[in-house]
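Asks: Sequence:
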Amino acid sequence: MSTKAKNFLRRMKQRLVIIFGIALLFFVVLIGRVIYISLAKGQEYQEEVLDQKTYDSLDIPFERGDIVDRNGNILATSEKVYNLILEPKNILRTDKGKEATKAALIKYFGMEDAKFDECMQNTDSFYKVAMKGLEYADVKAFQEYCNTRDGADVVGVRFEEEYKRKYPNGSLACHLLGYTVSGNVGQGGIEGYYNSYLNGVNGKTYGYLTNDNTVESVTVPAQNGYTVVSTIDLNIQKIIEDNIKEYMQTTGAKKIGVIAMDPDTAEVLGMSTSYGYDPNEPMNTDALRNMKVTVTESTEEPSTEEDSSEEGSSEDTTEATTEEQKDPEKITYDFSSMTDDEFQKAIDGLTSDQTYEALDAVWRNYCISDILEPGSTFKPFTIAGALEDGVVKDSDTFFCKGYEIVAEGTSPIYCHNRSGDGTLTLKQALEQSCNVALMQIAKSEGRETFSKYQDIFNFGNQTGIDLSGEGSGLVYDEEGLNPVELATSSFGQGINVTMIQMAAAFCSLINGGNYYTPHTVRQILDENGSIIENNEPELVRKTISKTTSDLMKQYMAGVVTEGTGSRAAVDGYTIGGKTGTAEKIPRNQGNYVLSFIGFSPVENPQIMLYVAVDEPNVESQSTSGAGALLFHAIMEDLLPYMNVYQSSDEDVTYNGKDEPISSPFEGNVEDSTGEGTTEEGSTAEGDTTAEDTGSENVTSEGTTEAVSENGTSEETTSEETTEAKVQDE
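Mapping of the sequence shown onto the numbering used here: position 150 corresponds to residue 150, and the numbering continues sequentially without gaps.
Just so you know, the hints here were simulated from the structure itself, not pulled from any lab data. Heads up, some of the hints might be wrong.
As the list claims (entries may be wrong) - Within a straight-line C-alpha distance of at most 20 angstroms, the following computed SDA-like cross-link-like pairs (lysine to any residue) qualify:
1) LYS98 / ALA152
2) LYS452 / SER545
3) LYS254 / ASP242
Claimed, not checked - DEER-style ranges, computed between Cβ atoms:
4) LEU539 / MET291: 34 to 42 angstroms
5) MET291 / ASP550: 37 to 45 angstroms
6) GLY590 / ILE405: 43 to 51 angstroms
7) GLY110 / PRO221: 30 to 38 angstroms
8) ASN90 / VAL181: 29 to 37 angstroms
9) GLY97 / THR205: 22 to 30 angstroms
Note that the Cβ used here is the ideal one computed from N, Cα and C, for glycine as well.
Kindly generate the complete structure, drawing on both the sequences and the hints.
Replies: Below, the structure written as structure tokens:
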């Protein structure tokens with residue numbers, strides 16, 4: 001080897017020794033540092049690491065607040081239930097543990113083999129919700145078994161608490177209360193409107209590291225929801241619903257709505273319809289059993305209506321009760337006419353969207369969401385506005401010749417008494433429900449004044465009631481009040497209102513002229529019963545003076561004692577009110593909404609009651625007096641319960657009789673005057689229509705469709721045109 005090569009190798013060895021030495025020194029220093037950290041700083045770093053470790057936390061569910069009636073009776077509450085949680089990872093560690101756990105779950109909770117096997121599919125899971133809503137008694141029995149020798153091998157089972165909404169009175173007041181869905185979300189009624197008050201905040205249990213390296217548990221308690229004290233009186237609500245149920249069983253109707261209110265505060269004491277649901281099971285389709293509902297036709301399956309005849313008959317039993325609408329995208333199911341098998345077949349054939357759409361008709365609150373023609377129950381507002389504005393006086397008289405021509409070139413608009421009522425005082429005009437007198441009053445008011453009082457009484461606008469889904473109705477504005485529209489509006493035809501609009505406005509007629517926002521809740525309370533909020537009556541405006549209000553009460557008392565409302569009278573009590581018989585569109589079909597809105601006692605009204613019966617199942621709807629009869633039945637139960645004092649006036653008569661008319665619900669009841677005519681008057685078949693002049697349209701169910709505020713009616717000028725035989729009572 002050359003000298004040059006030897007020198008190169010020597011230099012390389014020296015370099016390797018140096019590199020190795022440096023590396024060795026580095027590792028020595030590193031090891032020393034590790035030892036130092038372990039001895040000097042190990043405790044500190046260990047605490048930092050452990051402190052950053054995530055420990056299991058557990059949510060503590062809040063309890064949703066109760067809803068109670070004005071007397072503290074529970075209407076809605078929350079009941080603690082338990083969810084069964086399985087830990088597949090632990091259960092599957094041993095065959096013995098798996099079999100013992102499976103056997104116990106089957107024995108105490110009725111779990112099926114297939115369900116258990118499904119829960120075990122994710123073998124690495126420590127959390128699988130197997131069952132929900134278990135009662136405490138079942139959970140307790142299971143836990144006691146696990147503490148015995150036989151249950152010692154049960155593993156991987158635990159329970160989580162939650163709350164389930166419970167309505168102890170079932171369907172009672174369902175539309176006022178609403179219901180809840182998963183996640184404590186209120187839907188409809190008080191549950192929906194006051195959801196933020198009823199809900200609370202979940203608590204939490206979690207762990208943290210102490211100075212001695214032990215994990216401590218901390219619990220932040222849940223904040224429970226507030227209690228909502230409603231204005232509802234449970235007993236009044238029950239009286240209303242019991243009477244509606246009796247009417248539906250003995251007579252029947254397409255639909256009924258009833259509202260009871262305190263006239264001095266506009267507090268809703270009770271509100272109900274003839275259909276309902278159990279808020280404990282809001283998705284239960286049994287609630288549709290006696291309903292007729294319209295849903296959007298599914299695009300997923302072909303229509304089953306191809307072979308239906310005009311009457312809806314078909315060899316297929318389901319098709320026999322299913323009828324296509326003019327709109328090909330809508331289909332109506334008359335569940336009330338189906339057999340049980342047909343009903344179930346129809347329900348099974350609905351898509352999920354159709355089922356929800358059908359149930360929405362059951363959840364809908366007729367008293368606040370739907371519109372109707374008020375008919376003659378609107379007349380007190382026309383008269384009150386005219387009195388207040390000085391257009392008429394108590395001493396004024398009116399002459400009815402049986403009809404009125406309100407403008408040149410228009411057809412006569414007839415009164416119920418085609419031969420004419422003759423000369424009437426203002427009080428008698430209301431008692432006899434004379435359309436001609438009302439048209440004359442409205443003409444004297446003029447469109448500006450009439451429109452002003454429509455606004456003052458809040459027609460055409462929402463009332464602001466603390467319930468979701470309120471409608472607003474439609475009335476003619478000032479520009480739309482041409483002579484015919486002004487005339488027909490004066491007695492409540494050609495306009496649309498909601499029941500709650502009528503009720504709130506009527507309260508102001510009888511309480512001295514104070515219009516309050518109708519409401520269903522009085523107070524909000526915390527867990528300790530302390531008042532969080534007081535819902536004081538909200539005065540919106542003054543509608544009329546006390547003088548006018550007192551006069552209107554006298555007039556409406558006369559309606560019951562001397563006029564068309566004798567069927568509403570209750571023996572021993574003074575009653576005031578107004579009847580309404582509104583013919584539905586299309587006219588000439590003989591379908592009516594019969595209503596009565598009234599109060600008692602006349603001297604100091606303590607309750608306002610509004611009843612509307614849509615298409616009663618009687619031979620002649622217009623002569624049935626259905627609204628007044630149901631009003632009578634309800635008030636006969638309500639007034640003694642409310643301790644309303646009885647009248648000391650022994651001289652009160654009803655259309656010249658010593659006793660009020662008392663008629664059963666069943667059948668067609670003749671007019672109380674003995675004339676055998678409708679309150680609208682006409683006796684001849686075909687003369688009981690109540691046509692406006694073409695300003696309205698027809699909905700799919702034949703009900704009145706809302707009129708445009710600026711819409712105008714087409715005046716009838718041709719001799720060939722049918723006379724505008726407006727014959728609302």
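Asks: It remains to establish, for every hint, whether it holds in the given structure.
Replies: Here is how each hint holds up against the structure:
no.	hint	result
1	LYS98 / ALA152	holds, 12 angstroms
2	LYS452 / SER545	holds, 16 angstroms
3	LYS254 / ASP242	holds, 17 angstroms
4	LEU539 / MET291: 34 to 42 angstroms	holds, 39 angstroms
5	MET291 / ASP550: 37 to 45 angstroms	holds, 44 angstroms
6	GLY590 / ILE405: 43 to 51 angstroms	violated, 27 angstroms
7	GLY110 / PRO221: 30 to 38 angstroms	holds, 34 angstroms
8	ASN90 / VAL181: 29 to 37 angstroms	holds, 33 angstroms
9	GLY97 / THR205: 22 to 30 angstroms	holds, 27 angstroms
Going through the hint list in order, the structure does not satisfy hint 6, though it satisfies all others.
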